[in-house]
Amino acid sequence: MDDTTHRINLRINGERQALKIDGAERLSSVLRNELGLTGTKIGCEAGDCGACTVLIDGEPVCSCLIAVGQADDAEIVTIEGVANATGSGAALLDAFHAAGAAQCGACTPGMIMSAAALLDANPSPSDADIDRALGGVLCRCTGYTKIFDAVHMAAGNRAGSAVGERGFVGERIARLDGRAKVEGRELFGADSIPEDALFLHAIRSPHHRARFSFGDFETFITAHPGLVRVLTAKDIPGRNLHGVIPPFADQPVFAVTETRFKGEAIAAIVGDRATIENIDLSEFPVEWQALPHALTMEEAVSANAPLIHDARAGNILVHGRVEKGDVTTPDARGSVIIEGEFETGFVEHAYIEPEAGYARRTGDRIEIVACTQSPYMDRDDVAAILGIANEDVRIVPTAVGGGFGSKLDLSVQPYIAVAAWLMNQPVAMIYSRPESIATTTKRHPSRIASRICANEDGRLTSIDFTADFNTGAYASWGPTVANRVPVHASGPYFVPNYRARTRAIHTNCAPSGAFRGFGVPQMAVAQEQLLDQLAARLGIDPLELRLRNALDGDMPTATGQLLGEGIAFRQCLEALRAPWALARRHAEAFNTQATGALRRGVGVAGMWYGCGNTSLPNPSTIRIGLKPDGRIALHQGAVDIGQGSNTVITQIAASALGVGLERFDLVSGDTDLTPDCGKTSASRQTFVTGRAAEAAGRSLRAKIMRLANVSDGSEIRLDEARIELLDKGQRHEIALSSLAPDAFGYLLTAEESFDPPTTPLDDNGQGSPYAIYGFGAHMAEVDVDIRLGTVKVRKIIAAHDVGRAINPTLLEGQIEGGVMQGLGLALMEEFHPGRGENLHDYLIPTIGDAPAIETILIETPNAIGPFGAKGIGEQALIPTAPAIFNAIRHATGVVVRRAPATPDRLLAAIKALA
Amino acid sequence: MLHRPQSTAEALTLLATDSATIIAGGTDIFPAHVDRPPPKRLVDISRLRDLRGVRREANTFRIGAATTWTDIARADLPPSFDMLREAAREIGAVQIQNRATIGGNLCNASPAADGVPPLLALDATVELASPRGVRTMPLDAFLLGNRHTARAPDEIMTAVLIEDDHNHGRSTFLKLGARRHLVISIVMVAALIEISGDGMVERARIAVGSASAVARRLHDLEVRLAGRAANPSIGDVVSPDDFAELSPIDDLRATGAYRREAAIELVRRALVQLADERHG
Numbered sequence: 001m002d003d004t005t006h007r008i009n010l011r012i013n014g015e016r017q018a019l020k021i022d023g024a025e026r027l028s029s030v031l032r033n034e035l036g037l038t039g040t041k042i043g044c045e046a047g048d049c050g051a052c053t054v055l056i057d058g059e060p061v062c063s064c065l066i067a068v069g070q071a072d073d074a075e076i077v078t079i080e081g082v083a084n085a086t087g088s089g090a091a092l093l094d095a096f097h098a099a100g101a102a103q104c105g106a107c108t109p110g111m112i113m114s115a116a117a118l119l120d121a122n123p124s125p126s127d128a129d130i131d132r133a134l135g136g137v138l139c140r141c142t143g144y145t146k147i148f149d150a151v152h153m154a155a156g157n158r159a160g161s162a163v164g165e166r167g168f169v170g171e172r173i174a175r176l177d178g179r180a181k182v183e184g185r186e187l188f189g190a191d192s193i194p195e196d197a198l199f200l201h202a203i204r205s206p207h208h209r210a211r212f213s214f215g216d217f218e219t220f221i222t223a224h225p226g227l228v229r230v231l232t233a234k235d236i237p238g239r240n241l242h243g244v245i246p247p248f249a250d251q252p253v254f255a256v257t258e259t260r261f262k263g264e265a266i267a268a269i270v271g272d273r274a275t276i277e278n279i280d281l282s283e284f285p286v287e288w289q290a291l292p293h294a295l296t297m298e299e300a301v302s303a304n305a306p307l308i309h310d311a312r313a314g315n316i317l318v319h320g321r322v323e324k325g326d327v328t329t330p331d332a333r334g335s336v337i338i339e340g341e342f343e344t345g346f347v348e349h350a351y352i353e354p355e356a357g358y359a360r361r362t363g364d365r366i367e368i369v370a371c372t373q374s375p376y377m378d379r380d381d382v383a384a385i386l387g388i389a390n391e392d393v394r395i396v397p398t399a400v401g402g403g404f405g406s407k408l409d410l411s412v413q414p415y416i417a418v419a420a421w422l423m424n425q426p427v428a429m430i431y432s433r434p435e436s437i438a439t440t441t442k443r444h445p446s447r448i449a450s451r452i453c454a455n456e457d458g459r460l461t462s463i464d465f466t467a468d469f470n471t472g473a474y475a476s477w478g479p480t481v482a483n484r485v486p487v488h489a490s491g492p493y494f495v496p497n498y499r500a501r502t503r504a505i506h507t508n509c510a511p512s513g514a515f516r517g518f519g520v521p522q523m524a525v526a527q528e529q530l531l532d533q534l535a536a537r538l539g540i541d542p543l544e545l546r547l548r549n550a551l552d553g554d555m556p557t558a559t560g561q562l563l564g565e566g567i568a569f570r571q572c573l574e575a576l577r578a579p580w581a582l583a584r585r586h587a588e589a590f591n592t593q594a595t596g597a598l599r600r601g602v603g604v605a606g607m608w609y610g611c612g613n614t615s616l617p618n619p620s621t622i623r624i625g626l627k628p629d630g631r632i633a634l635h636q637g638a639v640d641i642g643q644g645s646n647t648v649i650t651q652i653a654a655s656a657l658g659v660g661l662e663r664f665d666l667v668s669g670d671t672d673l674t675p676d677c678g679k680t681s682a683s684r685q686t687f688v689t690g691r692a693a694e695a696a697g698r699s700l701r702a703k704i705m706r707l708a709n710v711s712d713g714s715e716i717r718l719d720e721a722r723i724e725l726l727d728k729g730q731r732h733e734i735a736l737s738s739l740a741p742d743a744f745g746y747l748l749t750a751e752e753s754f755d756p757p758t759t760p761l762d763d764n765g766q767g768s769p770y771a772i773y774g775f776g777a778h779m780a781e782v783d784v785d786i787r788l789g790t791v792k793v794r795k796i797i798a799a800h801d802v803g804r805a806i807n808p809t810l811l812e813g814q815i816e817g818g819v820m821q822g823l824g825l826a827l828m829e830e831f832h833p834g835r836g837e838n839l840h841d842y843l844i845p846t847i848g849d850a851p852a853i854e855t856i857l858i859e860t861p862n863a864i865g866p867f868g869a870k871g872i873g874e875q876a877l878i879p880t881a882p883a884i885f886n887a888i889r890h891a892t893g894v895v896v897r898r899a900p901a902t903p904d905r906l907l908a909a910i911k912a913l914a
Numbered sequence: 001m002l003h004r005p006q007s008t009a010e011a012l013t014l015l016a017t018d019s020a021t022i023i024a025g026g027t028d029i030f031p032a033h034v035d036r037p038p039p040k041r042l043v044d045i046s047r048l049r050d051l052r053g054v055r056r057e058a059n060t061f062r063i064g065a066a067t068t069w070t071d072i073a074r075a076d077l078p079p080s081f082d083m084l085r086e087a088a089r090e091i092g093a094v095q096i097q098n099r100a101t102i103g104g105n106l107c108n109a110s111p112a113a114d115g116v117p118p119l120l121a122l123d124a125t126v127e128l129a130s131p132r133g134v135r136t137m138p139l140d141a142f143l144l145g146n147r148h149t150a151r152a153p154d155e156i157m158t159a160v161l162i163e164d165d166h167n168h169g170r171s172t173f174l175k176l177g178a179r180r181h182l183v184i185s186i187v188m189v190a191a192l193i194e195i196s197g198d199g200m201v202e203r204a205r206i207a208v209g210s211a212s213a214v215a216r217r218l219h220d221l222e223v224r225l226a227g228r229a230a231n232p233s234i235g236d237v238v239s240p241d242d243f244a245e246l247s248p249i250d251d252l253r254a255t256g257a258y259r260r261e262a263a264i265e266l267v268r269r270a271l272v273q274l275a276d277e278r279h280g
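Residue numbers (my numbering), protein chains in the order written: chain L, 1 to 914; chain U, 1 to 280.
Please keep in mind that the hints were generated in silico from the structure rather than gathered at the bench. Positions of the beta carbon are idealized from the N, C-alpha and C atoms, including for glycine. There may be inaccurate statements among the hints.
[Unchecked claim] Some chain U residues close to chain L (C-beta under 10 Å, calculated; not the full set): (1) F30; (2) L77; (3) P131; (4) R151; (5) D251.
Please model the complete structure; the sequences and the hints are all you need to start from.
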């Protein structure tokens, strides 16, 4: 008998490792926890995501599906060894970095390991070979386009992107944190947990709504050596409540007597890691009494529905409204009326990194090292939960393996904070994939009814729009969705008479929160399909109809705002004109001759999206300093969740200061070190933090100029000993040693803030809710199999008004990734509360679903953004799903009333039409 | 605890004396234990040489139960096995195919197991070893229901046996999922037809998966296909009545009604494709 417990010999990256461990442990856990090889990422522990891919004897495998004892006679290669232990690894690292193929970086090690196995076996792979080789690794950020490019580049089939010299605005430099991401050195929430940390696991409700009572914890603890403590609501030192919008804070850390959604925490167990990970929770002393629940909005607003929050009558969290002109009289309506009802489902963020982090008490302060999109909001909420001052909480954001809105809300933070505070020992928590899916926020399901009216010439006369959003058990960002959507439901079009009304409705589902677009993508699914129906009714080309109504700077928006300069929606549509005409003609010719099951369609959709908070302050503050060693410290608090703020904000600061990027050292968003740059959401970081960075860079530049009283246009050169200023041929030199460090330790410091100029909305929703809007239009080409209801998206052309392209490579990456999330929303993604809390039931697109994506960047700088730039994060996703739906309609005649258009739904709709 | 026996006999002894769970590729065991403790004792059969590989013994192909799907995709097999090799390339993705085994796919007995329809269509037999000896049984007798098989707790599946009695058979596997790669099938079809020299179907074997608790052969259709001309109009032979015994359910992936329709369409396509190949 060969029992491998306690004696495993592994050969990893060419080195022998003798370990005393249980041979039944997952290889992934051993690599990370025993050997410190945290470059191997854990995304699901079920073989569904491929992030943990390593090579065993040259073949890619999921290390989460292998008992370590099974690998004891094999050659294992991880990302840490790929450059040396494989033939193609080094080239792949370079190519992934240069191509911008890593965004958040959580899938990147798995991608690179899979690609290395491919290239070592097949040095010049076809697209199909790459598709198959990487089909087992999910990426949520990139849309896979640049991953394809990187593999081709590493194979020598394709040249790398040009990079800039100094990293100034407009240059395609590789991301500053990119090398760490491709090499697996980037530390995410689960990657830096101290060895002496206890682990925490939450006890969660198995029912959608339930009352509960606890039994005897002492007996339970005694029965489980290694278990140290059970925590419940009674242990919360401060306020057992949190919420991202303080006036609406309503979510307990631990439910007190009743839970409101399946997965809500009622208690937590804390103990050593092995105990916590292996404990059988079926013995946990709790009695459950399931209560009636409401999962749908219909159920929640029905007369006999249980009230989910006592103070919120009818389970309505909030109403939103914008109204202008008159939508009720026939005169205002115009002669053509199109109306329809639409529904969309829950969408899960499905970032590859599940929530994770640890907390440590340091005297009377607490430190939280975790993944987050919003360090200062976390700080203030945790302080309230612990009952201590905000300044006594230190949030140290780790790298974030994807966020997309959900990591704005607290996840692990309150649990680890309370435990570490009370137990005075580091405490860590890592969400499992099911826990992440079951308990963190989702995109709001929507139910929309809308009526669009126009004149015979195709000019819109009125829109009357209502939408209900399923906001789940807690407020989260429900008020933001309910208020943002009415501002946007006109789309990027001039509409003289307008009414948009929304409600956010509580149900016993996991909270709906922020997800790339705050309800606007759902709205666009309805409005943009209705516009196509209108175009068909009038016999006007859909692109022309949009051009005819395109909003210009001198036309008031639905809230009465005049946007003035820097609006390029019209140019976005015009950029699509030629490919649109060609593709429509080809599709129609294809369909005329079609005898098989495929029908081709081409669709377009427009988009606008306000950057920043809706009529609310959202300032960012940037500090920049000249260090005694002649380098520049940039306190960059805009958390980089993969979108590239570390790079973009630095490019802006470098350009404003006039000093090349190579002299910059980044200081992270640690709340002890760096001023508040607000949350990474609402497409605000490039715009708001970028503008603060521009101001801070210029301010530091002015201070440097004053050292020698040189003119503004002088060139700055820095080395470790001196500042050189070149002013029209005149050279001035200032020794760094002649300058005294200030309180920050810098020789010169500049700190500047920016808060976008907005105005409150009045009772009718009139005002200027955003300082700038991003615009765009997508064109989709699809093939529909009319006998199976399946859709293959062949190509997306995405034209975006970005103001000024700070880094075109990163912009393309945002757009390609947004397109892919839009494709998922359109065709496959829907979370069903309480079911399928994993990544094989909840499907996101794989590399095999990726269409060709062509990005067109339109630059028309505005006076407000940094160097004229606008946000892109959410803009990129909004028009994709409606463009795909309009293409489906072009191919089949079907209007997609319910998203996603899964094969069964689409086939039923096709048959209903026939 | 992980045991790594050196032989099948040793594995059987471990299984008989310990209440242990067999692990081969691990691609079903670990996903089933994401949020709960893994089985206490695992017996690893993945490195037993006699359980791995494809061999021809007289007129029978013997596929060791611990043979991975990658092994099968790369194996030198006649065209009648194309459907099995195609299915091998559709199970999960490369990472899964490199570990998951044919025996695991059968013993796990998921209604959506991609390996089952081609093996049913090949009239596969499974071989099971236990301390009582070795027994074989037809695959359709082994698979009893959703996650339910005729394997006794102390038995190890050792091989899948397929008689090579169809030298001019052509086969194909069509999988329908809501995305490309790494997807649990909404429905899948394996079809094998043998065509005579004069272009007539001599024999057809068709199985549909994910549309009933256990994948099913379409015997009525198979009978009616015999003697039909193998040309593109062969799809017309397919009738919805042929699918009456399927019992597709509604789940997260699709409605039962859709599964039935899609199965009919995929069977038509498989037949037309095979007839086309014949003419092409």
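Each hint tested on the structure:
The criterion of a C-beta within 10 Å of any C-beta in chain L is met by U:F30, whose closest approach is roughly 5 Å, and the hint holds. For U:L77, the interface hint is violated, since its Cβ never comes within 10 Å of a Cβ in chain L; the closest pair sits about 20 Å apart. With its C-beta approaching chain L no nearer than about 16 Å, U:P131 sits outside the 10 Å limit, and its interface hint is violated. Hint on U:R151 is violated. Least Cβ distance to chain L is approximately 21 Å, over the 10 Å limit.
Contact between U:D251 and chain L, as hinted, is supported at the beta carbon level, the nearest pair being about 9 Å apart and thus within 10 Å.
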